[in-house]
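Chemist: For reference, the chains in residue letters:
Protein chains: 4
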Amino acid sequence: MDMQKIQNIIKTFSRERDWDRHHNPKNLAMALSVETAELVEIFQWLTPEQCDNLTSEKHEHLKEEVADVAVYLLRICMAYDIDLEEAIIEKMKKNEKKYPLYDTNGEKIIYQKK
Amino acid sequence: MDMQKIQNIIKTFSRERDWDRHHNPKNLAMALSVETAELVEIFQWLTPEQCDNLTSEKHEHLKEEVADVAVYLLRICMAYDIDLEEAIIEKMKKNEKKYPLYDTNGEKIIYQKK
Amino acid sequence: MDMQKIQNIIKTFSRERDWDRHHNPKNLAMALSVETAELVEIFQWLTPEQCDNLTSEKHEHLKEEVADVAVYLLRICMAYDIDLEEAIIEKMKKNEKKYPLYDTNGEKIIYQKK
Amino acid sequence: MDMQKIQNIIKTFSRERDWDRHHNPKNLAMALSVETAELVEIFQWLTPEQCDNLTSEKHEHLKEEVADVAVYLLRICMAYDIDLEEAIIEKMKKNEKKYPLYDTNGEKIIYQKK
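Protein chains in written order, with this note's numbering: chain E, 50 to 163; chain Z, 50 to 163; chain Y, 50 to 163; chain D, 50 to 163.
Here chain E stands alone, though its shape is the one from the complex (with noise of 0.2 Å):
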């Protein structure tokens, strides 16, 4: 992903509609959390059998919201000056340390979702 190109276009389209100063801090957390619970409700009624095989209208809805997710998060990013790529990349091997593969004994660890 181009996130220079990306961050240029999400920037662009703020700034001439002078929407920057609506986008502080709590107010983008607060969106993220609207956009976050549109795509929640494309699948609140799904069954799993429905999930499994939407609709392609239901897809691009899909798309859309998952694109609405991420630019308010790269909004927040942008604002704390955070690089989405090394956050990952360093939560992940946080995740890993967390839970890792085998216990003290080298004995495979099984894990299930508590």
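Some hints could be false.
Negatives, chain D to chain E, calculated, CB over 12 Å [stated by the list, open to error]:
id, residue
1, Q53
2, D132
3, I138
4, M141
5, K143
6, L150
7, K157
8, I159
Here chain Y is said to cover these stretches of chain Z; the calculated rule only asks that three of the stretch's residues, wherever they fall, bring their Cβ under 8 Å from a Cβ of chain Y [claimed, not checked]:
id, stretch
9, 70-79
10, 84-91
Below, in silico cross-link-like pairs of lysine to any residue (SDA-like), each with a Cα-Cα straight-line distance of 20 Å or less [said to hold, decoys possible]:
id, chain 1, residue 1, chain 2, residue 2
11, D, K142, Y, I55
12, Y, K140, D, K140
13, Y, K60, D, M141
14, D, K107, Y, M141
15, E, K146, Z, W68
16, E, K143, Z, H108
17, Z, K107, Z, I91
18, Y, K147, D, D67
19, E, K142, Z, N57
20, E, K147, Z, K140
21, Z, K140, E, D51
22, E, K146, Z, F62
23, D, K140, Y, M141
By construction, these hints were calculated from the structure, which means they are not laboratory data.
Backbone N, C-alpha and C fix where the C-beta goes; we use that ideal spot for every residue, glycine too.
The hints should help you fit chains Z, Y and D onto chain E, whose structure is shown.
Modeler: Below, chains Z, Y and D alone, put in the same frame as chain E:
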């Protein structure tokens, strides 16, 4: 962002712990909303001034939560074969049509969030 | 539910700790979404069977999260002078009009969540 | 609040439309988070001043969203046989222990949201 690399890290982590069976779309959507709320939680009681001067501890915490949101968002993209970069670019183009800069008389439109 | 009693408990708790200054509407809305996500978190990785047979520990946890959501919802009601019982009854009447039981031919409508 | 009356309205509405089959715990939790976000959406771009002087249209909208959140919260309570009043009272007692007014020296504790 090297999307192939990031997706491989995410896929491998999950497969090695046998967690794919938990990662159906409804569960992923729920997890996305939970991680989003953990990001919101950082800001919920802060004043605007505190948001603008995040402590380094909170900044580090934010970086982790941003990553968690991104990871679940990418999992959803992977489950539905969505190219995130393409999705963002298409959505921003839609937004530009929805909120044009000039009206039909060629006058610059003044936007306010309602 | 003795609403007067509940509201007094909530008001007194907050006033005694000088927390009212944090409880502006945006913060309350954020807190409501955070508490809602803590409730979602209980269910996120559970199978339908596990949901139907909640452990007593998880049931106790659910009871707490339900209470937390309710408390922030009531704070919002108190901030805007909303009578929750009245609000629910009015909304359910609207829902009944939106989703009538019979169509204009007097035929029973078959509803499916879309 | 006449909880018996409210619960009957909610139950009857759902049963008459054959919607109970959609109302499993995971779906209800998702729906609760979606309704909560619709409430958050009202406030997301408002300034504190606008929040304090909500237009009557927005106030009416808020009343509806408050009701929607409450209805899904009550459905969850009904599914798990939770007495909401009791849950709130017990949780507030826990909060009072967690955030006591006086420390062990009898000194009044000064609380700040962190």
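Chemist: Please write out, lowest number first, the hints stated earlier that are contradicted by the structure.
Modeler: Numbers 12, 20, 23 - these are the hints that the structure violates, sorted from lowest upward.
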